[in-house]
Amino acid sequence: MRFTKDHEWVALDGDVATVGITAYAAEQLGDVVYVETPEPGRALKAGEGMAVVESVKAASDVYAPLSGEVVEANGDLSGAPETVNAEPEAGGWFARVRIADRAEYDALMDRAAYDAFLETL
Amino acid sequence: MSLNSVGRPTRPVSDTPGAGFASLSGGRGLLQDEALIFERSSWTGTGVDLPEPEAGSEDLGGLVRAEPLRLPGLSEPETVRHYVRLSQKNHAIDLALYPLGSCTMKHNPRLNEKLARLPGFADLHPLAPVSAVQGALALMDLLAHWLKTLTGMPAVALSPKAGAHGELCGLLAIRAAHAAHGQTRRRLVLTPTSAHGTNPATAAFVGYEVMEIGQTADGRVDLEDLAAKLTDEVAAIMVTNPNTCGLFERDILEISRLTHAAGAYFYCDGANFNAIVGRVRPGDLGVDAMHINLHKTFSTPHGGGGPGSGPVVLSEALAPFAPTPWVVHDGEGFRLVEETEAEASQAFGRMTAFHGQMGMFVRAYAYMLSHGADGLRQAAEDAVLNANYIKARLSGVMSAAFPDGPCMHEALFDDRWLEGTGVTTLDFAKAMIDEGFHPMTMYFPLVVHGAMLIEPTESESLAELDRFCDALLGLAGAALSGDMDRFTSAPHLAPLRRLDETLAARKPRLTWRPAEPGVAPAPLAAE
Numbered sequence: 002m003r004f005t006k007d008h009e010w011v012a013l014d015g016d017v018a019t020v021g022i023t024a025y026a027a028e029q030l031g032d033v034v035y036v037e038t039p040e041p042g043r044a045l046k047a048g049e050g051m052a053v054v055e056s057v058k059a060a061s062d063v064y065a066p067l068s069g070e071v072v073e074a075n076g077d078l079s080g081a082p083e084t085v086n087a088e089p090e091a092g093g094w095f096a097r098v099r100i101a102d103r104a105e106y107d108a109l110m111d112r113a114a115y116d117a118f119l120e121t122l
Numbered sequence: 056m057s058l059n060s061v062g063r064p065t066r067p068v069s070d071t072p073g074a075g076f077a078s079l080s081g082g083r084g085l086l087q088d089e090a091l092i093f094e095r096s097s098w099t100g101t102g103v104d105l106p107e108p109e110a111g112s113e114d115l116g117g118l119v120r121a122e123p124l125r126l127p128g129l130s131e132p133e134t135v136r137h138y139v140r141l142s143q144k145n146h147a148i149d150l151a152l153y154p155l156g157s158c159t160m161k162h163n164p165r166l167n168e169k170l171a172r173l174p175g176f177a178d179l180h181p182l183a184p185v186s187a188v189q190g191a192l193a194l195m196d197l198l199a200h201w202l203k204t205l206t207g208m209p210a211v212a213l214s215p216k217a218g219a220h221g222e223l224c225g226l227l228a229i230r231a232a233h234a235a236h237g238q239t240r241r242r243l244v245l246t247p248t249s250a251h252g253t254n255p256a257t258a259a260f261v262g263y264e265v266m267e268i269g270q271t272a273d274g275r276v277d278l279e280d281l282a283a284k285l286t287d288e289v290a291a292i293m294v295t296n297p298n299t300c301g302l303f304e305r306d307i308l309e310i311s312r313l314t315h316a317a318g319a320y321f322y323c324d325g326a327n328f329n330a331i332v333g334r335v336r337p338g339d340l341g342v343d344a345m346h347i348n349l350h351k352t353f354s355t356p357h358g359g360g361g362p363g364s365g366p367v368v369l370s371e372a373l374a375p376f377a378p379t380p381w382v383v384h385d386g387e388g389f390r391l392v393e394e395t396e397a398e399a400s401q402a403f404g405r406m407t408a409f410h411g412q413m414g415m416f417v418r419a420y421a422y423m424l425s426h427g428a429d430g431l432r433q434a435a436e437d438a439v440l441n442a443n444y445i446k447a448r449l450s451g452v453m454s455a456a457f458p459d460g461p462c463m464h465e466a467l468f469d470d471r472w473l474e475g476t477g478v479t480t481l482d483f484a485k486a487m488i489d490e491g492f493h494p495m496t497m498y499f500p501l502v503v504h505g506a507m508l509i510e511p512t513e514s515e516s517l518a519e520l521d522r523f524c525d526a527l528l529g530l531a532g533a534a535l536s537g538d539m540d541r542f543t544s545a546p547h548l549a550p551l552r553r554l555d556e557t558l559a560a561r562k563p564r565l566t567w568r569p570a571e572p573g574v575a576p577a578p579l580a581a582e
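Line by line, the protein sequences are chains A and B.
Residues in the first sequence are numbered from 2 upward in steps of one, following my numbering.
Residues in the second sequence are numbered from 56 upward in steps of one, following my numbering.
Hints were generated in silico from the structure; no laboratory data involved.
It is possible that some hints are incorrect.
Said to hold, decoys possible - Residues from chain B that face chain A, not an exhaustive set, calculated with beta carbons under 7 Å: (1) LEU501; (2) CYS524; (3) GLU556; (4) THR557; (5) ALA560; (6) ARG561.
Note that the Cβ used here is the ideal one computed from N, Cα and C, for glycine as well.
All chains, please: the whole structure from these sequences, using the hints.
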């Protein structure tokens with residue numbers, strides 16, 4: 002699993018990346034009340050907004066950690082946004098993306114680097 | 056001396072009135088519990104006796120309503136009591152200092168209300184002939200003059216009905232100006248991370264893409280980041296000054312220079328103009344468009360006989376694109392320039408069906424005249440002084456988000472000082488209710504962790520500021536000494552206890568249906 006400074010995580014299986022927000026982000030947001038996931042088929046550019054997550058505190062954009070095409074969105078989140086709080090790095094995934102460039106994945110932080118980054122916040 | 060031993064006691068029998076006491080009816084003394092208006096009434100009756108219609112139903116063919124309308128059938132005193140009881144549940148600026156500040160409500164001087172009720176203003180019809188409303192048009196013209204003078208801007212559109220409506224007006228003028236100059240590739244609007252949510256929302260609504268500008272460690276716009284993002288695709292920047300952290304953008308002149316050099320327009324969110332009115336003219340800062348929330352800077356209510364009012368001042372460059380109508384004065388008196396006339400040929404359109412919100416115009420103008428230019432300036436200075444007093448008194452215990460230097464009209468704290476206590480900003484805010492104060496703005500601006508934003512406004516006395524600070528310092532002491540129950544289960548003394556905001560947001564119940572006769576109403580508890 003790899004991570005971004007904007008607190009998204011990516012798990013790669015072949016050329017399909019599963020994307021979500023980290024446990025740290027879910028904890029910081031507080032209770033998530035609404036999630037807007039991207040439409041399958043949408044082309045994503047790394048760094049652009051791909052989803053919206055709304056908590057009792059604030060609404061936040063989720064940025065695409067990688068470029069590629071959305072192949073699946075987690076439809077369960079619309080009826081059960083609390084999954085993002087309960088299992089942020091598993092069942093609370095947002096979308097699966099067929100990635101265009103493996104190098105983008107390799108450039109992301111690994112768990113140790115992300116944990117070290119959190120220490121600096 | 057003779058002591059009156061049989062008269063009414065002047066002290067309550069217990070030091071904690073009401074503790075452990077339950078009334079027979081479940082009522083709360085003279086503070087009445089109140090159901091929905093639909094629950095209070097019968098569905099068959101009506102509170103008003105109307106004669107049966109004698110004829111006409113045959114004209115409706117088969118469309119005559121067969122079912123009762125099911126509107127509440129309350130009499131006039133029942134209706135009045137319903138709303139007065141609801142109002143007793145509400146906290147208000149007329150009850151105590153309201154730390155949400157002018158965003159929500161500051162003191163509305165009663166003189167304004169008196170003047171707004173003058174029949175010559177209050178009873179006007181928007182379609183009345185111009186010859187019959189010369190006084191009202193003169194007032195609009197004078198208000199426009201004051202707004203233009205105070206902002207140092209050459210034009211003003213009075214018609215927008217609120218701050219966000221004013222933002223829309225300003226960006227429509229900017230879009231019209233770019234279109235007139237062939238600048239159609241400009242598709243971006245830049246806003247700082249700390250912007251009011253309405254700024255990106257307005258830009259998106261007008262069809263622009265929004266890009267964020269970063270912020271410096273001391274809470275201001277990051278000039279380097281701004282300069283890097285100011286390409287020839289940028290239509291405008293939207294910057295609030297003083298910003299939402301309660302800080303003056305000290306590089307504002309450079310911000311405006313960079314913006315204009317890139318061919319973009321400078322939209323200033325004028326929400327916080329109340330902190331600088333009479334001291335700073337936005338026109339001198341290079342602002343091209345700015346809305347003025349009359350309720351924030353000029354003490355009107357948000358509404359009253361209609362919505363609020365958010366006039367927009369415009370620079371020389373944007374003035375030709377101002378929306379109609381506006382007031383002009385010629386040999387025959389005042390008149391409104393409407394969209395068909397040549398002098399309005401470049402106007403982008405209009406924001407409202409009529410001329411704007413007369414009731415707010417009267418109140419704002421009354422406030423201006425009763426204060427004068429020097430009085431407006433003093434109001435701004437007092438607002439800043441009061442906020443700095445609160446910042447200074449609370450900073451010893453609570454952590455100021457930007458401790459260096461003074462703030463403007465708002466004192467911003469973060470939640471670092473609560474670290475390790477188990478008390479959150481939300482808990483602290485709820486506990487304030489038990490102390491008799493409305494909570495401050497929480498968790499905004501988003502750039503500050505666990506933000507607590509306090510705006511006392513100019514109209515609080517030193518005694519009231521001290522009462523507020525004493526209450527907060529008392530609570531802070533309790534939080535730091537581990538008195539958790541005071542916070543985690545607060546509020547204890549409100550008509551309703553802690554509400555489940557998460558459940559309300561996740562599973563909102565947006566409709567309420569009356570029970571059928573003989574059927575118990577659906578329980579309000581969540582599934």
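Here is what the structure says about each hint:
The closest approach between the C-beta of LEU501(B) and any C-beta of chain A is roughly 6 Å, which is under the 7 Å cut-off, so the hint is satisfied. Taken as an interface hint, CYS524(B) does not check out: its beta carbon lies about 26 Å from the nearest beta carbon of chain A, beyond 7 Å. Because the smallest distance between the Cβ of GLU556(B) and any Cβ of chain A comes to about 5 Å, under 7 Å, the interface hint for this residue holds. Hint status for THR557(B): holds, given a least beta-carbon distance of 4 Å to chain A, under 7 Å.
The criterion of a C-beta within 7 Å of any C-beta in chain A is met by ALA560(B), whose closest approach is roughly 4 Å, and the hint holds. Evaluation of the ARG561(B) hint against chain A yields a held restraint, the C-beta minimum of about 5 Å falling below 7 Å.
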